[in-house]
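*Asks:* Sequence:
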Amino acid sequence: MRAALRQQLADDWRALRARAALGELAVDLGHDIGSRQWWYGAVGCTGLIAMALALGSRVEPIRTIAPPALTPAQHDLARINAIGPLARGGVTGAVPRANPRMLAPLAEAPERPRLELSAEVGGAGFAAALRRSGVSASDMGAVNSLLRGVADTGRLARGTDIDLVLGRRESRSVPRPLDRLAFRAAFDLRVELTRVDGALTLKRVPIAVDSTPLRVTGSVGGNLQRALRSAGIPARLVGDFTRIMGYVVDFQRGVGKADRFDIIVEQDRAETGEVRHGSLLFASLARRGKAPIEVGRLMQGGHAEYFKSDGEGARRGLMKTPVDGARLTSGFGMRFHPLLSYSRMHQGVDFGAPHGAPIMAAASGNVSFAGRHGGHGNYIQLRHTKELVTAYAHLSRFAVKNGQRVVQGQVIGYVGSTGMSTGPHLHYEVWLRGRPANPVSLKFIGGSQLTGRALNQFMAQMNRWRAVPATGSAPAATRIASGFAPDSANAADKRRGRA
Numbered sequence: 314m315r316a317a318l319r320q321q322l323a324d325d326w327r328a329l330r331a332r333a334a335l336g337e338l339a340v341d342l343g344h345d346i347g348s349r350q351w352w353y354g355a356v357g358c359t360g361l362i363a364m365a366l367a368l369g370s371r372v373e374p375i376r377t378i379a380p381p382a383l384t385p386a387q388h389d390l391a392r393i394n395a396i397g398p399l400a401r402g403g404v405t406g407a408v409p410r411a412n413p414r415m416l417a418p419l420a421e422a423p424e425r426p427r428l429e430l431s432a433e434v435g436g437a438g439f440a441a442a443l444r445r446s447g448v449s450a451s452d453m454g455a456v457n458s459l460l461r462g463v464a465d466t467g468r469l470a471r472g473t474d475i476d477l478v479l480g481r482r483e484s485r486s487v488p489r490p491l492d493r494l495a496f497r498a499a500f501d502l503r504v505e506l507t508r509v510d511g512a513l514t515l516k517r518v519p520i521a522v523d524s525t526p527l528r529v530t531g532s533v534g535g536n537l538q539r540a541l542r543s544a545g546i547p548a549r550l551v552g553d554f555t556r557i558m559g560y561v562v563d564f565q566r567g568v569g570k571a572d573r574f575d576i577i578v579e580q581d582r583a584e585t586g587e588v589r590h591g592s593l594l595f596a597s598l599a600r601r602g603k604a605p606i607e608v609g610r611l612m613q614g615g616h617a618e619y620f621k622s623d624g625e626g627a628r629r630g631l632m633k634t635p636v637d638g639a640r641l642t643s644g645f646g647m648r649f650h651p652l653l654s655y656s657r658m659h660q661g662v663d664f665g666a667p668h669g670a671p672i673m674a675a676a677s678g679n680v681s682f683a684g685r686h687g688g689h690g691n692y693i694q695l696r697h698t699k700e701l702v703t704a705y706a707h708l709s710r711f712a713v714k715n716g717q718r719v720v721q722g723q724v725i726g727y728v729g730s731t732g733m734s735t736g737p738h739l740h741y742e743v744w745l746r747g748r749p750a751n752p753v754s755l756k757f758i759g760g761s762q763l764t765g766r767a768l769n770q771f772m773a774q775m776n777r778w779r780a781v782p783a784t785g786s787a788p789a790a791t792r793i794a795s796g797f798a799p800d801s802a803n804a805a806d807k808r809r810g811r812a
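Residue numbers for the sequence shown follow the numbering used here, so the first one is 314 and each next one is one higher.
Since the hints were derived computationally from the structure, they do not count as laboratory data.
Don't take every hint at face value.
[Claimed, not checked] 30 Å max Cα-Cα, derived BS3-like pairs, lysine-lysine:
{"id": "1", "residue 1": "K621", "residue 2": "K633"}
{"id": "2", "residue 1": "K633", "residue 2": "K699"}
{"id": "3", "residue 1": "K570", "residue 2": "K603"}
{"id": "4", "residue 1": "K714", "residue 2": "K633"}
[To be verified] Label pairs and their in silico Cβ distance ranges:
{"id": "5", "residue 1": "G569", "residue 2": "R549", "range": "22 to 28 Å"}
{"id": "6", "residue 1": "Q387", "residue 2": "A355", "range": "55 to 61 Å"}
{"id": "7", "residue 1": "A750", "residue 2": "G684", "range": "19 to 25 Å"}
{"id": "8", "residue 1": "A437", "residue 2": "A395", "range": "52 to 58 Å"}
{"id": "9", "residue 1": "D474", "residue 2": "R777", "range": "34 to 40 Å"}
{"id": "10", "residue 1": "A437", "residue 2": "R777", "range": "40 to 46 Å"}
No residue lacks a Cβ here, since even glycine has one placed at the ideal position from N, Cα and C.
Just need the whole structure built from these sequences, with the hints factored in.
*Replies:* Rendered as structure tokens:
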């Protein structure tokens, strides 16, 4: 019996070793349940569990002591080494605390060896800007002496940028020396002053300027002023164009939507990118089915005058349209009054225009009346000669006063709707020898006529302007850092002697 049991155990051991060699020591307790092999596996598993429980019960647990809660002071110190979100007020990094025993008071705070400043010319002028920046009186005197004859600092516009560098000084009781000063003195000139061997020296930095005139052409469309502004022409030059052409063209009946405008203006383009526009040189309207009208500028005796292409002066006795961009809404003669509801004589013409549009004097003269005048509302009357008087009614406000002398094209008031009026417009009257006259059909003798050498010079100039190439639109004028107005002329223009 025992021999059979030993033989069985020996066989089982050999089988177990064989299975171990094949990697099949694990017994699947879900297979052949109740078999002898299964019971071997169950006994082995139970023994392993019992051994694990016996050994685990003898292991001592690791006991820890919970740290005490931090005090507020300890919490603040711990935050130094912590990383917290800034959105929740987290502050990281240690803040050093000064040790009073290791500190020595300074007699005065140390200064920077040099200061680089940027000043701007204000209403008080160039000298005040330097004084506010800390430039000493002696240095200001040296600057003025060096700039004399080079740049007129008294004419620098507001907003002119000034770059300064103030050097090291011996003590706080004396001002810092001026080491460097630079600013834009003109559209074509920058000035730099630097200290060399203890003295200020001047350096001129010329700025190249292309003065090719600008020519823009386009279609008039529904509104000439709007077309010019859409082409990039500045508002000032648009006003000059309509005012000059108003002497020779009836804008109410002589200009159509299909007509084309042609304008040439002075333009300076600096190499630094700034652009400015000067005066109107040439104006033209090409009308469908009619001869084109051209007007050019000619300098005579230091004054600019405008002439038609044949040399006849553009200015006539009266401007045909005393309001820029206005349209004729009511003619001269008998009409049905919209407010009185009956027909009566309309002693002038009405021009529809936006409220506040400037009204110009049709000719030079004296203001004989400026005030309230019954149904005319705010009313201005200009006496030009003993026989000629013009009147302007329904104004919103005045720009002149009684007895004042005005010149042709000067703004005298603004469009309104005062008095008996149905909306903003200008009622314009012309009185000739004490009787009302139709301003539209009134004929006057033309201006002066060029002859001889002046006529030849003007014709040659007109040909040069006609040869100027046209561009699609005008570039926007730029306000340069010096603060000079981009549409104004400077001394360099006068030195060039442009026509």
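*Asks:* Taking the hints in turn, state whether each one holds.
*Replies:* We went through each hint and held it up to the structure:
1. Only pairs whose Cα atoms come within 30 Å are accepted, and K621 paired with K633 is accepted, the gap being roughly 16 Å.
2. The suggested pairing of K633 with K699 holds, with an alpha-carbon distance near 20 Å, which does not exceed 30 Å.
3. With a C-alpha separation of about 14 Å, the suggested pair K570 and K603 falls inside the 30 Å cut-off, and the hint holds.
4. A hinted pair counts as satisfied when its Cα atoms are at most 30 Å apart, and K714 with K633 qualifies at roughly 23 Å.
5. Range check, G569 to R549: Cβ separation about 26 Å, and the 22 to 28 Å hint holds.
6. Between Q387 and A355 the beta carbons are some 59 Å apart, a value that agrees with the proposed interval 55 to 61 Å.
7. For A750 paired with G684, a C-beta distance near 24 Å keeps the hint of 19 to 25 Å intact.
8. Hint check: A437 to A395, Cβ distance near 55 Å, so the stated range 52 to 58 Å holds.
9. In this structure the hint that D474 and R777 lie 34 to 40 Å apart at CB holds, the actual value being about 37 Å.
10. Distance hint check: the CB atoms of A437 and R777 are about 45 Å apart, consistent with the given range 40 to 46 Å.
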